[in-house]
Amino acid sequence: MKVYWYIMRSRILMTMAYRFQVISTVLCQIVILFASVFFWKAAYGLEAVQSDTTLDQMIHYTVLSNLLAVLYTTFVEQNINQNVRQGNVAVDFIKPINIMGSYFAADIGMMIGSLLFRFIPMYLISGLVFGFTLPVSFPALMLFIVSTFLGFVILWCICGIFGLFSFWVIQLGPIGGAKDYIIRFLSGSFVPIWFFPEGIQQVFNFLPFVHIYQTPISIYIGKITVLESLFPIGIQLFWAAVMVLCLTQFQKVAFRKVVVQGG
Amino acid sequence: MKKLLHSIWHHLSIVFFNFKLTVQSQMEYPSFLVGWLLANPLQFGFGILGIFIIVSNFGSIGDWGFQEITFLYGISVVSHGLTVVLFIQTWNIEYSVRYGEFDRYMLRPLGVFFQMITSYINLIGLTDMIPGLVILIYGCVGVGFEPTPLNLFKLLITILGAVLIRGAIYLLSGSVAFFTKSSGALIEVDSKLFDAVSMYPVSIYPKGVQILFTYLFPIAFISFYSAREFLGKTDGLPMFGNAYLITLLVGALVFFLAYLFFQWGLSRYESSGS
Amino acid sequence: MAVSIEAKNLTKEFIVTKKEPGLKGAFKNLIHSEKSVFRAVNKINFSIEEGQVVGYIGPNGAGKSTTIKMMSGILQPTSGDVTIRGGSPFQDRKKVVRNLGVVFGQRTQLYWDLRLGESFELLRRIYEIDDATYQRNLGILNDILNIQEIIDTPVRQLSLGQRMRGDLAAAILHSPPVIFLDEPTIGLDVDVKYCVRQFIKDINDQYHTTIILTTHDLGDIEELCRRIIIINHGEIVHDCSLETLMNEFAPNRRLIVDLYQAPQEPIELRNARVISQEGARICLEYNKKETSTGDVVEAIAANHSIQDISIEESNIEDVIRTIYAKDSESA
Chain A
1 MKVYWYIMRS RILMTMAYRF QVISTVLCQI VILFASVFFW KAAYGLEAVQ
51 SDTTLDQMIH YTVLSNLLAV LYTTFVEQNI NQNVRQGNVA VDFIKPINIM
101 GSYFAADIGM MIGSLLFRFI PMYLISGLVF GFTLPVSFPA LMLFIVSTFL
151 GFVILWCICG IFGLFSFWVI QLGPIGGAKD YIIRFLSGSF VPIWFFPEGI
201 QQVFNFLPFV HIYQTPISIY IGKITVLESL FPIGIQLFWA AVMVLCLTQF
251 QKVAFRKVVV QGG
Chain B
1 MKKLLHSIWH HLSIVFFNFK LTVQSQMEYP SFLVGWLLAN PLQFGFGILG
51 IFIIVSNFGS IGDWGFQEIT FLYGISVVSH GLTVVLFIQT WNIEYSVRYG
101 EFDRYMLRPL GVFFQMITSY INLIGLTDMI PGLVILIYGC VGVGFEPTPL
151 NLFKLLITIL GAVLIRGAIY LLSGSVAFFT KSSGALIEVD SKLFDAVSMY
201 PVSIYPKGVQ ILFTYLFPIA FISFYSAREF LGKTDGLPMF GNAYLITLLV
251 GALVFFLAYL FFQWGLSRYE SSGS
Chain C
1 MAVSIEAKNL TKEFIVTKKE PGLKGAFKNL IHSEKSVFRA VNKINFSIEE
51 GQVVGYIGPN GAGKSTTIKM MSGILQPTSG DVTIRGGSPF QDRKKVVRNL
101 GVVFGQRTQL YWDLRLGESF ELLRRIYEID DATYQRNLGI LNDILNIQEI
151 IDTPVRQLSL GQRMRGDLAA AILHSPPVIF LDEPTIGLDV DVKYCVRQFI
201 KDINDQYHTT IILTTHDLGD IEELCRRIII INHGEIVHDC SLETLMNEFA
251 PNRRLIVDLY QAPQEPIELR NARVISQEGA RICLEYNKKE TSTGDVVEAI
301 AANHSIQDIS IEESNIEDVI RTIYAKDSES A
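Chains as they are written, first to last, in the numbering used here: chain A, 1 to 263; chain B, 1 to 274; chain C, 1 to 331.
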């Protein structure tokens, strides 16, 4: 356990090693955040548009989505890819720790670092400009935290599974980007699924992606009530379990390949 | 005169040879090409699809309908693609500063900037052009753009100006590394800014933001002013003269300034990592 | 002899940022980090004539590479001047580097992803080398460095020794009259080292090329350089011939004498000092300028019968180590 703690701590340190890097990534996300808020404002226009969602809700949705994006940075894919490419996988096998566990610890460390140095400044800046985004109730906040964590697990597993493909295709390169674009679109991180045609919504609600962004945000802003949220959280749980299972199984297959062929 | 011609020919021969070498080395990683061919259309396709879904819910974004935005978006993506083909090396300045890669350029009897830019002409950037052109052509058809020679010329000049603006700002940001060793993710900030300001009409932003991106960091010229002129719209800041010409002029000016900044930075190069 | 390279009060300062360790330090660095000025090269002066081979040596971090980089136009001097054949490598970079060939042993100037031959072709275009010269130079290089054997291999697949051969070849394709070699033999095996030394000798002999060589391998110096410049803490501490240096710092020679019979009493000589005496073996030391070996041998032979003698010249490495150590003490 100590090892994982150490990995986590070193990753937190890493997030602030470069002052410039910290500032510029915050800036990056702020730009996207501002752009999308003004985009929504323009879409709603001056006169009240008929919609189930109010402009205020939509602004908070956008702000939160961008805040979550900072927390949801995963390096598992790069880590696996890099280790495979440099032939370090064999070395990893010798270490008396769970490799995936160490990657997870590193990314959690990253998340904590991001919370301190990216999330909080961004929350303050956007709050001062657009008004602070507060949870609708205390239970909603608690459920939001649970839901966010489950969302992170789902996302992390998808990235991990993706990273394991490195064992077959040495260079993942831009295909990783393609995966990100798909996840971002299907998760409702920019355009919530409820604006999509009815039929598509039905399908998307049962896919894992919406439960990465849209579900936790909807709970936080009160788009769905605490009671209503139990069902999507159930689906989240289901997907998180499925993903963890897939990842561990796939990991075994991938690692067996190394044992057979050598690192 | 003869000397000048000789110099131009000399430089061109190096550009051609570098181009040949770059294509050769890019062909060594065919999986990358496939990856980009997959990723880039997805990125811009989803971008425009998102806008489509919103517009079909709300009718318009500001004053702009879906086709109009597509036209604007198309100019933006095409100019992005060309920038990535021609000026991708500006993204590597930080790396080159940190690992002393400029040594090699400085040891050769040619301009450092020239060598840097031409040593990697990124054909893969053309994969951005494919979705870009598709979206632009769709937009052109949608808004009833008449493909007269004059209009096409104006469009071309606009895109040229836009490429210069993008290239200049990347160059400016990259050159910061000469002074700070690390330019952080400034290049990424630029990309995000370019997207935010050139893929949506600038008029959706508050006036202060519009002024900032028109007069200080002239990113709004990448697509907005020319597209507005083509479409006969009047929202946003007033502008005199022909937007496409101003775009080119602004592009040339900021590029020149960025070049000076690069040269200044280069004189402080420390060739670290000995 | 024409002056090829001249440095006047050449100085380079760097600004170094201190990073504090630990979590607390990381927070501190986030807000403010301390800066200090480090003078890597401090007012150095030298002048090198055409056709000289000069060894430029000093411990790690002494300022060798910084000097080389200033001379090749990569770094701008903080103050002072350096000229290569009358031109300033920084103000007149393009013109000056045309006359320069530079090799950094630690970092290749070749193009990683390309075949070696393609790097050459590119250089040929950059320097506008005409066909005849190009073919001739390639021929010569092939004789010395056996380039043909590796010309079709991508640079990233070359071994260190092969890569160094490629780098050396690339540096002189355009027949520069001045060459800087920054640790050209680092990490090379004996064969390649020999090859590199031979190359340097040949180039210097045939083209009268001025060569500055930094190295930690004193074998390089012994074999190639008639003049050495020693730099430490950014300042030149010695600039003289190897011989002068050896005479100054290692004036003594050692003689080991084996006698047929171990002498009963300790030996004492007028012209040499006895260092040790174990059984029949005696070790002597004497100033090689003042005393001839013959005299010493004669003095011993007068009372003892000699079975065997051997002479130990003082080692250049010991000398250099003495100089570095002495200099660190005073610093």
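Keep in mind that the hints were calculated from the coordinates and are not lab data.
Where hints are given, some of them may not hold.
Here are a few chain B residues that face chain C, going by a calculated C-beta distance under 8 Å [what the hints assert, rightly or not]:
no.: 1; residue: 12
no.: 2; residue: 13
no.: 3; residue: 14
no.: 4; residue: 106
no.: 5; residue: 188
no.: 6; residue: 229
no.: 7; residue: 232
Just so we're clear, the structure is a prediction, and the values are computed from it rather than from any experiment.
By construction, the Cβ of each residue, glycine as well, lies at the ideal position given by its N, Cα and C atoms.
Hint by hint, here is what the structure shows:
1. 12: 10 Å, violated
2. 13: 6 Å, holds
3. 14: Nearest chain C Cβ about 5 Å off; hint holds.
4. 106: Since chain C brings a Cβ to about 5 Å from residue 106 of chain B, closer than 8 Å, the hint holds.
5. 188: Hint violated; residue 188 of chain B Cβ to chain C Cβ min 20 Å, cut 8 Å.
6. 229: This interface hint is violated because 43 Å lies over the 8 Å limit.
7. 232: 50 Å, violated
Violated hints, in rising order: 1, 5, 6 and 7; the structure is consistent with all others.
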